[in-house]
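J.: Here are the chains, one letter per residue:
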Amino acid sequence: MLPSLISRLANPSQALKRLVWLLASLPFARWVYLISQDELGANPVEFLTRSSGTWTLVMLAATLSMTPLMRWTRSNRWIAARQSLGLACFFYGSLHALCWAWFDQGLDPDLMAEDLITRPFIALGMAAWLILSVLAASSPTWAKRRLGRRWKPLHRSIYALAILVVLHYLWHKAGKNDFSEAGPWSALLIGLLLVRLRFAKVRQRFHARGSHEG
Amino acid sequence: MSNDLRASQPKTSEITAKRVWQQRRTVLQSLSATLLRGRVGLALGGASLLHHAHAQASVLTPPKPTGLELLAAAPSSFSTIEKPTSHRDVVSYNNFYEFGTDKEDPALLAGSLKTRPWTIRIEGEVAKPQTIDIETLLKLAPMEERIYRMRCVEGWSMVIPWLGYPLSALIKRVEPTGNAKFVEFLTLADRQQMPGLRSSVLQWPYTEGLRLDEAMHPLSLLSFGLYGEVLPKQNGAPVRLVVPWKYGFKSAKSIVRIRFVEKQPINSWMQSAPREYGFYSNVNPEVAHPRWSQASERRIGEDGLLSRKRKTLMFNGYADQVAGLYAGMDLRKFF
Numbered sequence: 000m001l002p003s004l005i006s007r008l009a010n011p012s013q014a015l016k017r018l019v020w021l022l023a024s025l026p027f028a029r030w031v032y033l034i035s036q037d038e039l040g041a042n043p044v045e046f047l048t049r050s051s052g053t054w055t056l057v058m059l060a061a062t063l064s065m066t067p068l069m070r071w072t073r074s075n076r077w078i079a080a081r082q083s084l085g086l087a088c089f090f091y092g093s094l095h096a097l098c099w100a101w102f103d104q105g106l107d108p109d110l111m112a113e114d115l116i117t118r119p120f121i122a123l124g125m126a127a128w129l130i131l132s133v134l135a136a137s138s139p140t141w142a143k144r145r146l147g148r149r150w151k152p153l154h155r156s157i158y159a160l161a162i163l164v165v166l167h168y169l170w171h172k173a174g175k176n177d178f179s180e181a182g183p184w185s186a187l188l189i190g191l192l193l194v195r196l197r198f199a200k201v202r203q204r205f206h207a208r209g210s211h212e213g
Numbered sequence: 000m001s002n003d004l005r006a007s008q009p010k011t012s013e014i015t016a017k018r019v020w021q022q023r024r025t026v027l028q029s030l031s032a033t034l035l036r037g038r039v040g041l042a043l044g045g046a047s048l049l050h051h052a053h054a055q056a057s058v059l060t061p062p063k064p065t066g067l068e069l070l071a072a073a074p075s076s077f078s079t080i081e082k083p084t085s086h087r088d089v090v091s092y093n094n095f096y097e098f099g100t101d102k103e104d105p106a107l108l109a110g111s112l113k114t115r116p117w118t119i120r121i122e123g124e125v126a127k128p129q130t131i132d133i134e135t136l137l138k139l140a141p142m143e144e145r146i147y148r149m150r151c152v153e154g155w156s157m158v159i160p161w162l163g164y165p166l167s168a169l170i171k172r173v174e175p176t177g178n179a180k181f182v183e184f185l186t187l188a189d190r191q192q193m194p195g196l197r198s199s200v201l202q203w204p205y206t207e208g209l210r211l212d213e214a215m216h217p218l219s220l221l222s223f224g225l226y227g228e229v230l231p232k233q234n235g236a237p238v239r240l241v242v243p244w245k246y247g248f249k250s251a252k253s254i255v256r257i258r259f260v261e262k263q264p265i266n267s268w269m270q271s272a273p274r275e276y277g278f279y280s281n282v283n284p285e286v287a288h289p290r291w292s293q294a295s296e297r298r299i300g301e302d303g304l305l306s307r308k309r310k311t312l313m314f315n316g317y318a319d320q321v322a323g324l325y326a327g328m329d330l331r332k333f334f
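Line by line, the protein sequences are chains S and X.
Going by numbering that gives the first Met the number 0, the first sequence opens with residue 0, and the numbers climb by one from there.
Going by numbering that gives the first Met the number 0, the second sequence opens with residue 0, and the numbers climb by one from there.
With the rest of the complex left out, here is chain S (with noise of 0.2 Å):
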C-alpha cells in the first residue's frame, strides 16, 4: 500500500492533474472572492457572463492544445492533463451557461425560448453546451471503456464544438463590429483544429508510404 501512494504522489501524470485542477479553479476562487468583497462591479450578471465566457474559451483551447503538445514534444505525458481541461471547460461552461438562463432570464421558459429565437448566438452557446455536457458525460474511465471504439468520433464532436463557439463569439460581437478580443479567439481556436488537418495528412502520407514499401 505504501510503495503504491508514494509512486502516485510521485506519478508525474498524477502531479500534472493536480496541478491542472489547481489551475482551473482560480477564476473560481476569484469569483468567490470578488464577490464577497462586492467588487463585481457595476453589472455583476455581464461580468460573471462574460468571465464565465472566456474561462470557457481558455480551457477549451488549452484541452484543444494537448494533442498538438504530445506531438510535438514527442511525450505522452500531456494526455493526463487534457481530461481535467475538459472537465473544467464543462464546468465553465455549465457556469456560463447558467448565468443566462438562471441570472439574465430568471429560469423563465417563455423568456428563454423566445430568446433562443431572437438571439441566434444564444442558440449557437446552447448547442455548443449541449455536445459539451455529452463529452463531460462520457468522460469517465467506465464510459470511456463502455464506448470502446465510438468513444474517438465521439469525443471529436470537439471540433463541431469549437466552431460552434467560435461563431457564437463573433456572432455576439458582430452587432458592435468589434473583433478586438473575438478575433483573435477565433484564430487562436480554427488555428488548433487546421493544425489537425496537417496532423491528418502527415499520418496519410506515412500509411501511404508504409504500404507501399510494404
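Don't read these hints as lab results, they were simulated from the structure.
Small disclaimer: the values here were computed from a predicted structure and weren't measured.
It cannot be assumed that every hint is accurate.
[What the hints assert, rightly or not] FRET-style restraints, in silico, Cβ to Cβ:
1) R73(S) / S111(X): 43 to 51 Å
2) P273(X) / A14(S): 41 to 49 Å
3) L107(X) / I116(S): 32 to 40 Å
4) S35(S) / P194(X): 27 to 35 Å
[What the hints assert, rightly or not] Here are the computed lysine-lysine pairs in the DSS-like style, where the Cα-Cα straight-line distance is at most 27 Å:
5) K172(S) / K332(X)
6) K308(X) / K172(S)
7) K127(X) / K138(X)
8) K127(X) / K180(X)
9) K332(X) / K310(X)
10) K138(X) / K113(X)
11) K172(S) / K310(X)
12) K310(X) / K180(X)
13) K200(S) / K151(S)
14) K16(S) / K143(S)
15) K308(X) / K175(S)
16) K171(X) / K138(X)
17) K127(X) / K175(S)
18) K127(X) / K262(X)
19) K175(S) / K310(X)
20) K262(X) / K180(X)
21) K16(S) / K151(S)
22) K175(S) / K171(X)
23) K127(X) / K171(X)
24) K332(X) / K262(X)
Built from N, CA and C at the ideal position, the CB exists for glycine as well.
Fit chain X to the given chain S structure using the hints.
T.: Okay, now just chain X, sitting in the frame of chain S:
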C-alpha cells in the same frame, strides 16, 4: 398605458431618498458657492479646502475622484424622483469607444483627454456661425440639475444627476435659418488623446444627430457635470449631450462641432449597422433590436444577480413630454 405608468412608479422606499438627496444637493451647492467665493483662497491654501470639501461630501455622497471642481446648479422639475445610480457605477461603467470598447476602459484611459482649451465650432444653416470657448459656454445659461433615466441600447439603465442647461439656449443664440431641419454633433477624434481610435469599430469622429425640434425640446440637455461636479472625462468631458428619451448612444460626448443642416445626418452607429440602429433611436419597448428584445432592462446597482429585470418604458418614461414630437409617425419604420 396606465399599467406602464404604474410600473414606472418606484417603491416607496426609494421615494424617501429624495429628501436625503435634496439635502445633499444643498450641501453641495453651499460648498461650491464657498469654493467659488474663495477662489483666491483656493489658489493659495485651497488644496486643503478642496480636500475638506471632498471629505465633507464623501460622508453624504459616494467617494469622488479628487481634482474635480464642483458646479453650482438649481434643481429642475424635469428630474425623476427615482434613486440615482451610485457615483461609483456612473463613473466606472461607461461606453465611450474612443477610449476602448470595454466598459472599464474609459475610466482607466480617459485621463489623457485634454479638456482645456476647448471650443465648439457652430456652423451651417445659422445666422450667427461662431466658435464658442468652453468658459463662455459654461456661463451661457443658468445651470440646472436634472436627474434623468438613462437607457442603454444594450439593455441596462442608470439614473444620473446631470448638470447643465437646455440645448435650446445655445441654439437660440446662433439663430438657425429656415433651412435648418437637423442638428449634427461631431465629437473629438484625436489619436494622441484617444487610444480607442486605433480600432475600426466605428468611423471617427463619432457623429450624432437630432431633428431641430428634438434638439429644441426642453428635456434635451447640454451637460457639463454630474453629481455636483465637473463631468469626469470618461463621461464625456467637458461638454456632452443628454437626450433622455433616446438610447444612450444618441447623447454624444466631448462635442467639438455642431452643424445645422437641411438633410438628415447619418450618425455613426447607423453608418456601422443601418439595419440595427436608426436615426431616431427612441427608447421603445415594442420595437426590438434585430438581435434582442428591448422590452426590459437591468437597472445598474439595483437589479442584482437574482432579481428580475424591470420593464422598459415607452420613450424611457418621458412619453408625456415627447410623444407629441412623433405624432403620426410609424415608430417601427423610423426606429
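J.: Hint check: K171(X) vs K138(X), CA-CA at most 27 Å. Holds or violated?
T.: 15 Å, holds
J.: Given the hint that K310(X) pairs with K180(X), does the C-alpha gap stay at or below 27 Å?
T.: The hint is violated at about 33 Å.
J.: When you check the alpha-carbon spacing of K172(S) and K332(X), does it fall within 27 Å?
T.: Holds: K172(S) and K332(X) sit about 25 Å apart, inside 27 Å.
J.: Is the Cα-Cα distance between K308(X) and K175(S) 27 Å or less?
T.: 23 Å, holds
J.: For the hint 43 to 51 Å, verify it against the beta carbon of R73(S) and that of S111(X).
T.: Hint holds: Cβ distance 50 Å, inside 43 to 51 Å.
J.: For a C-alpha distance cap of 27 Å, please report whether K127(X) and K180(X) respect it.
T.: Roughly 16 Å separates the two Cα atoms, so the pair holds.
J.: Keeping to a limit of 27 Å between CA atoms, is the pair of K127(X) and K171(X) held or broken?
T.: Holds - the C-alpha atoms of K171(X) and K127(X) are around 10 Å apart, at most 27 Å.
J.: Checking one constraint from the list: CA of K200(S) to CA of K151(S), max 27 Å. Satisfied?
T.: 18 Å, holds
J.: With a cut-off of 27 Å on the C-alpha distance, tell me whether K127(X) and K262(X) pass.
T.: 20 Å, holds
J.: For a C-alpha distance cap of 27 Å, please report whether K332(X) and K310(X) respect it.
T.: Roughly 22 Å separates the two Cα atoms, so the pair holds.
J.: Holds or violated: K138(X) with K113(X), Cα cutoff 27 Å?
T.: Status holds; Cα separation ~20 Å.
J.: Given the hinted pair K16(S) and K151(S), is their Cα-Cα distance within 27 Å?
T.: Holds, at about 21 Å.
Checked against the numbered hints above, the structure breaks hints 2, 12, 17 and 22 and satisfies the rest.
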